[in-house]
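Asks: The primary structure of each chain is shown beneath.
Number of protein chains: 4
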Amino acid sequence: MTRNTAILLIDCPDRKGLVSGISTFLYDHGANIIHADQHRDNHLSLFFMRVEWSLDDFDLDEEEFRRRFEPLAQRFGLRWRLEYPSEPRVVAIFVSKYQHCLADLLHRHQTGELPCRLGLVVSNHEDARPLAGFYGVPFHHVPVEAKNKAGAEAAQLSLLQEHGVDLVVLARYMQILSPAFVARYPRRIINVHHSFLPAFTGARPYHAAFERGVKLIGATSHYVTEALDEGPIIEQDVARVSHRQDLEDFLQLGRDLERVVLARAVRWHLERRVLCYANKTVVFV
Amino acid sequence: MTRNTAILLIDCPDRKGLVSGISTFLYDHGANIIHADQHRDNHLSLFFMRVEWSLDDFDLDEEEFRRRFEPLAQRFGLRWRLEYPSEPRVVAIFVSKYQHCLADLLHRHQTGELPCRLGLVVSNHEDARPLAGFYGVPFHHVPVEAKNKAGAEAAQLSLLQEHGVDLVVLARYMQILSPAFVARYPRRIINVHHSFLPAFTGARPYHAAFERGVKLIGATSHYVTEALDEGPIIEQDVARVSHRQDLEDFLQLGRDLERVVLARAVRWHLERRVLCYANKTVVFV
Amino acid sequence: MTRNTAILLIDCPDRKGLVSGISTFLYDHGANIIHADQHRDNHLSLFFMRVEWSLDDFDLDEEEFRRRFEPLAQRFGLRWRLEYPSEPRVVAIFVSKYQHCLADLLHRHQTGELPCRLGLVVSNHEDARPLAGFYGVPFHHVPVEAKNKAGAEAAQLSLLQEHGVDLVVLARYMQILSPAFVARYPRRIINVHHSFLPAFTGARPYHAAFERGVKLIGATSHYVTEALDEGPIIEQDVARVSHRQDLEDFLQLGRDLERVVLARAVRWHLERRVLCYANKTVVFV
Amino acid sequence: MTRNTAILLIDCPDRKGLVSGISTFLYDHGANIIHADQHRDNHLSLFFMRVEWSLDDFDLDEEEFRRRFEPLAQRFGLRWRLEYPSEPRVVAIFVSKYQHCLADLLHRHQTGELPCRLGLVVSNHEDARPLAGFYGVPFHHVPVEAKNKAGAEAAQLSLLQEHGVDLVVLARYMQILSPAFVARYPRRIINVHHSFLPAFTGARPYHAAFERGVKLIGATSHYVTEALDEGPIIEQDVARVSHRQDLEDFLQLGRDLERVVLARAVRWHLERRVLCYANKTVVFV
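Keeping their order, the protein sequence lines are chains A, B, C and D. Residues in the first sequence are numbered consecutively from 1, following this note's numbering. Residues in the second sequence are numbered consecutively from 286, following this note's numbering. Residues in the third sequence are numbered consecutively from 571, following this note's numbering. Residues in the fourth sequence are numbered consecutively from 856, following this note's numbering.
Hints may contain errors.
[Unchecked claim] Some, not all, of what chain C presents toward chain A, calculated at C-beta under 8 Å:
#1 His599
#2 Asn602
#3 Glu683
#4 Arg687
#5 Phe704
#6 Leu821
#7 Gln822
#8 Val830
The hints are simulated quantities; they were obtained by calculation from the structure and are not laboratory data. The structure presented is a predicted model; accordingly, all values stated were derived computationally and were not measured. Backbone N, C-alpha and C fix where the C-beta goes; we use that ideal spot for every residue, glycine too.
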């Protein structure tokens, strides 16, 4: 549910008076705070904050806010973002053949769990076309072959631009994106890693986990960086297994984990709850 | 580890300007904030806050703080507590025959996990005397029989007073405390309920859970109120079971859950992380 | 994936020689065992067994098996069922307005996770018609009003008969089935209880859990018996919550739990892994 | 609780008639089976079985069993072990400075959870002497320095031999055992790995997990093989963390996980529930 609120996200070196300065500024302009959370990394002396307030009695519009808040930001050395949840982000979902994450995201969006506009589904296969169609989301088939990868990425990027996409969700998209592509959407590409990072980073991780005889399998959602599978982790979850589960069961349990772990990450990102630093995340839930 | 810090706990109706007022007050007196967390119950319009700051550059001693903070508190209608972690609380542990929670708490205290002084162990049996003795905690045997309950409680209360006890931990203490006793330590008696509240509230809850064929068993730690087992829940946890576990396994898994769930509650209470309202808790971890 | 196998399910008082008798019978007729599991309830002296074997070298067809196995069954007082997974069961899904469980079951069925034929979707609302249609499952709208409940159930039962339904799945179907209806499908109606049985059995259980300030919420799938919500539990799961989650979050987390917990129960039932006794289940996974 | 039972453990290539042959043998000699479980690895075509039966009406003593069972074993190519739980195993616990796992094992043993005799505690420090003494277990200080490792291991091995030790438990023992030492106790040394294998295999794994920003931390218990930390996994568990937990919290949560995960592995080993193959385990619980 989008609300008539504004969200301020802060990320800066910790200094005395930060909270006092920011909260007094908001109070002076009539902010009725709905949610506020903060975090101090005492080791690195960093400060993180998320404040959401109702715009009902607030006396600054976006432009004025930016103008008047800037001096405060400069005084404290703040890195900050101002966001309006009522302006929904546009999301592109990339998918290959496995559709469990896609089906899950489409259903959640329809239910109202994901505050965004689904701009398009992009796939290197045709399989997902009917599903996207049922939910009324434009589907684009962009074939990717070894020799035309650059061309395919160019086509994808042009689609993203055309639809004004803010966030790319890799919902079991089995192609590796080039560093150039990733650099275009820094911390705006979310992937789900089948199996439990940082273990089993290679191909076919469930097979590897099965071979190793683990007693728990997991899934990880993370931002994509140039270093494959090593971007900041947003969410993880596990399920218990034993010798009674065969590889097929591992894969199925894995699918259930992947859906949940990816959906949480996407939702939290869309709700502006995730901040990144030092290759890790602060998730204000 | 106790730190040279102060902690301010706030609990009041939500009003604009609360955070601004409080954080500005702290800043003006040189507080270097180490941890701050807040919560709004938007349904009941309540506000909760926990701030911990280093006393190193802080220019108010306790008395001065109380004097100067009071006007602010009155303006905002704050209910507040100021606490100094360096003044460790005194804890009494009540135990009957099962010693798993007691052994766990004693070991954790020795390790430094529980910031408190263990004043005494009270039991209606002699069994735990050697264990308390090994860890150097005074042990008092107070027999409880059906016809002398009032006398036993009087003896217990006098021991608590004598040792200056702040918190009573019921570590599998199998006697029911009278409302009069409970009223003497409001929200300062923590119990662990074997099995998962609010299910299976009667006697022998693991037997009841086993009979019912549940697939998860749990434990709950909570503050004791006059209404038995219905006080504010501090922590809960569960473990998976199947038909392969018999009643004996349920009991053993239950013991593991009880230890962990009780220890967390005690630690969070001692670290002043728990606030109560409307028969529930806010736990700032 | 259905396999060319047979499954024998045994449920009887425990007696010496049971396993020897049964396994020797199977061996004598060429059974190549793929999966075997057994359970003894030592308290009630009951024995449960599930054996699945390949039919490739097996020399008995169904009729012959029944004829030849009967003397052994009588000697040991066995209650037994012989099942052929290659004959898929027919499932009816009942749903009201919330479609998250329905969407999940339909997608899993399409993926091949649920070895059955989806005969029809029955609803007291029109909402789910497009979704059922997309997956190619017949949809029947059977309105249920206070004064025509008997008539509605008669219509439902006639649909079930017409489609040869073996299993009824209540996928968030918000009407209470009459004892007469339940008696027609003993241990063949699976329900998902939003929230964690046996706690919060009333209406709006997540609201009740939220009011109570629990730290874990859960969901339970179970067979429906005349005693509402008190039938044998098949599966349960929980998710951690804190004061940071509001009621809306409880409901959303609950939906995720419900989907998974219901899907597991349905799958295990279809794979003939569930045996019932004494109002509990043995689940051979 | 030790019972007057025998346990047969089987591990062999799968063949038709195995269960029939074994169960008929047991039946013919009056075995009253209390627990039986089996597993087929359909991929590797291996068969595993654990049968436990009461000796009350059983007509073979150990010697006779061995003589009469051997022809059957040869016919089916069985690898088998016969065990009598009433003959408790002798356990040595190795510990360094952190005593949380040691304290836990000692308490569990006293409670009757661990069916064994605790032969001795061995440590490269003096710290644990009082704790071992309180529980009445002989304590041996064997200093280990870089230049005398071989000598220390010789002393340890001689202590193990002297006490007739069957199982070595590394309860946070921070020295690496030589391959020669390990070879003396194949699959009879159990270690707990702080953090979640196979991730973070190096030194200070919780630090590494904290740096990486994981959302779950875990612990793993496993048999020690020459390949450090790569032996068969017996048990694993995890706990949820967020940015709110600092490194100290990670370490404390880790200690709780280590205790539970190690205790389960030791108990299951002592109850003869663990079989190894292909660098993994079958755990019959």
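Asks: Against this structure, judge whether each hint is valid.
Replies: Here is how each hint holds up against the structure:
{"no.": "1", "hint": "His599", "verdict": "26 Å, violated"}
{"no.": "2", "hint": "Asn602", "verdict": "17 Å, violated"}
{"no.": "3", "hint": "Glu683", "verdict": "6 Å, holds"}
{"no.": "4", "hint": "Arg687", "verdict": "20 Å, violated"}
{"no.": "5", "hint": "Phe704", "verdict": "5 Å, holds"}
{"no.": "6", "hint": "Leu821", "verdict": "10 Å, violated"}
{"no.": "7", "hint": "Gln822", "verdict": "6 Å, holds"}
{"no.": "8", "hint": "Val830", "verdict": "6 Å, holds"}
Violated hints for the displayed structure, listed by number in ascending order: 1, 2, 4 and 6.
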